[in-house]
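Asker: For chain A, the structure is supplied; the task is to place chain B on it using the hints.
Chain order of the listed sequences is A and B.
Residue 41 in this note's numbering sits at position 41 of the first sequence; the count goes up by one each step and never skips.
Residue 155 in this note's numbering sits at position 155 of the second sequence; the count goes up by one each step and never skips.
Hints may be right or wrong, so weigh each one.
Claimed, not checked - Computed footprint of chain A on chain B; a stretch qualifies when at least three of its residues, placed anywhere within it, have a C-beta under 8 Å from a C-beta of chain A:
no.	stretch
1	32–42
2	60–72
3	75–84
4	156–164
5	292–300
6	322–328
In case anyone wonders, no lab produced these hints; they're calculated from the structure.
Where a beta carbon is used, it is the ideal one built from N, C-alpha and C, also for glycine.
Number of protein chains: 2
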Amino acid sequence: MGFAFDIHARDGCARTGVLRTARGDIRTPAFMPVGTAATVKAMRPESVAETGADIVLGNTYHLMLRPGAERIARLGGLHRFMNWDRPILTDSGGFQVMSLASLRKLTEEGVRFASHIDGSKHMLSPETSMEIQRLLGSDIVMAFDECPALPANKTRIADSMRLSMRWAQRSREAFGDRPGHALFGIQQGGLEPDLRAESAEALRGIGFDGYAIGGLAVGEGQAAMFGVLDYAPDMLPADRPRYLMGVGKPDDIVGAVQRGVDMFDCVLPSRSGRTGQGWTRRGPVNLRNARHRDDPRPLDADCTCPACRSYSRAYLHHVVRADEIIGAMLLTWHNLHYYQALMAGLRVAIATGTLDAFVAEFHALRAEGDIKPLTGEGA
Amino acid sequence: MGFAFDIHARDGCARTGVLRTARGDIRTPAFMPVGTAATVKAMRPESVAETGADIVLGNTYHLMLRPGAERIARLGGLHRFMNWDRPILTDSGGFQVMSLASLRKLTEEGVRFASHIDGSKHMLSPETSMEIQRLLGSDIVMAFDECPALPANKTRIADSMRLSMRWAQRSREAFGDRPGHALFGIQQGGLEPDLRAESAEALRGIGFDGYAIGGLAVGEGQAAMFGVLDYAPDMLPADRPRYLMGVGKPDDIVGAVQRGVDMFDCVLPSRSGRTGQGWTRRGPVNLRNARHRDDPRPLDADCTCPACRSYSRAYLHHVVRADEIIGAMLLTWHNLHYYQALMAGLRVAIATGTLDAFVAEFHALRAEGDIKPLTGEGA
Chain A
1 MGFAFDIHAR DGCARTGVLR TARGDIRTPA FMPVGTAATV KAMRPESVAE TGADIVLGNT
61 YHLMLRPGAE RIARLGGLHR FMNWDRPILT DSGGFQVMSL ASLRKLTEEG VRFASHIDGS
121 KHMLSPETSM EIQRLLGSDI VMAFDECPAL PANKTRIADS MRLSMRWAQR SREAFGDRPG
181 HALFGIQQGG LEPDLRAESA EALRGIGFDG YAIGGLAVGE GQAAMFGVLD YAPDMLPADR
241 PRYLMGVGKP DDIVGAVQRG VDMFDCVLPS RSGRTGQGWT RRGPVNLRNA RHRDDPRPLD
301 ADCTCPACRS YSRAYLHHVV RADEIIGAML LTWHNLHYYQ ALMAGLRVAI ATGTLDAFVA
361 EFHALRAEGD IKPLTGEGA
Chain B
1 MGFAFDIHAR DGCARTGVLR TARGDIRTPA FMPVGTAATV KAMRPESVAE TGADIVLGNT
61 YHLMLRPGAE RIARLGGLHR FMNWDRPILT DSGGFQVMSL ASLRKLTEEG VRFASHIDGS
121 KHMLSPETSM EIQRLLGSDI VMAFDECPAL PANKTRIADS MRLSMRWAQR SREAFGDRPG
181 HALFGIQQGG LEPDLRAESA EALRGIGFDG YAIGGLAVGE GQAAMFGVLD YAPDMLPADR
241 PRYLMGVGKP DDIVGAVQRG VDMFDCVLPS RSGRTGQGWT RRGPVNLRNA RHRDDPRPLD
301 ADCTCPACRS YSRAYLHHVV RADEIIGAML LTWHNLHYYQ ALMAGLRVAI ATGTLDAFVA
361 EFHALRAEGD IKPLTGEGA
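Bound-form chain A, shown alone (with noise of 0.2 Å):
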């Protein structure tokens, strides 16, 4: 049960190391792109592995509602239908019911709802949750939560904290033993930090793969962020990975990274790669801007991904404006590309001990910001 993690190297609270599934390695510090509906929107499954994705996640909720979780199952599982054969994560659904379904009625059971597509009727719950993660034949499943959003008052927070680790336990009993695939429970309680503690012993007696740290990126800002994170990952289990759910952009994964974080998944650099945003060392570049316009360059030109290797500015800024899907299309690969990117630096930076110097570096050039017009004719 469970997968192998092996920890190659550390570098303060950072990790480097290998989380070995039965469909391939996971190379961690991890960004994990999201294929919400069975695709990472604007890109082949070939072309998320050329990026360096190791594994993708896919979301519970928009699958069970469309196509639904039999189907897929009847369809030979998530991996055939979307054409991916390496590790896929699921979310278990209890963030997004509470988000995007209406007519929701929460109660010990679980989450009564209607979709947003159809109106339909469905229920999620540990035990539902755990089935359709089973249809869907998801290598890493995650426990069924709540998550309130912040702020909320502490009892609140403690009430729905409780609320998920009671689900917690029965996500555990209905998973059962299951070779070849991962469970991952999820660490709640807010900016709390006895809740916080009080979740993650709860979470340690029952006994998971992998544990998440969720109910931030909710709105609460990068410093209370931050400052949960300075002790929440350290409550978790050393020898398992530590999944920061929903998190983030580029100088949040790196401050994660550095206090022990070793998973990611983010829609950003997919969502903004359809609003005309590229994400660069130097900082989010907004292509639909007029400076764009008749600049010869590339996005990055130390970017080796296929819009910056054969693409100028003036072109991207082009598709963008006039919404070519093709501006989607290279945009997405290119943030994709530089994510993992990212993640790679990052992971070689811990691996020879240099954290510190690679971080000073990010944010430097994060600081210069992105490269300045050109000047003269045909600028």
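Answerer: Then chain B, alone, in the frame of chain A:
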């Protein structure tokens, strides 16, 4: 000036050969995918090349308005701009200014109009069209012409055709002598044999590197179009390529090749790829249809495109219904692949003198229609 056109074989009126351009060979009969705004929509150019396309088409009207021909020239020309180093044919803008622009004013000089994007005022004439196509750097330049919508009375068609012939003369003079670039004239005359003959006579008198048949596929129907193609190609020089503009559906192309046409372009395969339609040897298939929901089979089991190699109809149905970009990417790729496979099949059939059998098989499979839905469990 112009390019060598080697006709390797004939079968009835059909011919197969190679048009040798400075940027590479174009195997004929050829289908040219349409890259309106410097992109074949939803495709990377590498993928367009993988489908077997030797040449793509760019639209003068769209590109002059956005991003602008001077800008593209400053950026190194259209090939570099859009990352396509094989031949490009550009239309003259004449057809699209009449169908897309507003506030059009047609005079002997040319057409004044307002941009459909931002209302800015522009002029297209034989001279400006030649200049724009020169700035774009296109390999095959089209003469500037006017094309009336059908049905139209014969006087209107005759007047329009004679204006287009005067413009063809001015296009020829404005084009001048440009080694490595070819200029094609465009025959007009609607469905009137005497006007088609008069137009062909005028074009032959001027002298072009290739000859297009214009003014068809504008609502007259296939029978009327084939009626014209029964005589029009023969009016044009037999030793130069003949290009049927804006055509068409697979059976339009097959019929036109049988009648001696060498080149085609059409938005159909790419446009229908964005609306959930896949074109196969068995005809069009609407992937939105619920009958594909549980179908594990590929769109076409004998097709070698990425969509058919790696995805089920159920997956294509899912991503089309969910409006996922990968639906447009995969179906556009498939459709362009199918079109190129059709052209390759026609070329081989002509070369081996088996065109009649090829066409009979083409129609027989289409008459059979799409494969039947699966029955039984899981269907």
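Asker: Which numbered hints turn out to be false for this structure?
Answerer: Those not satisfied come down to hint 4.
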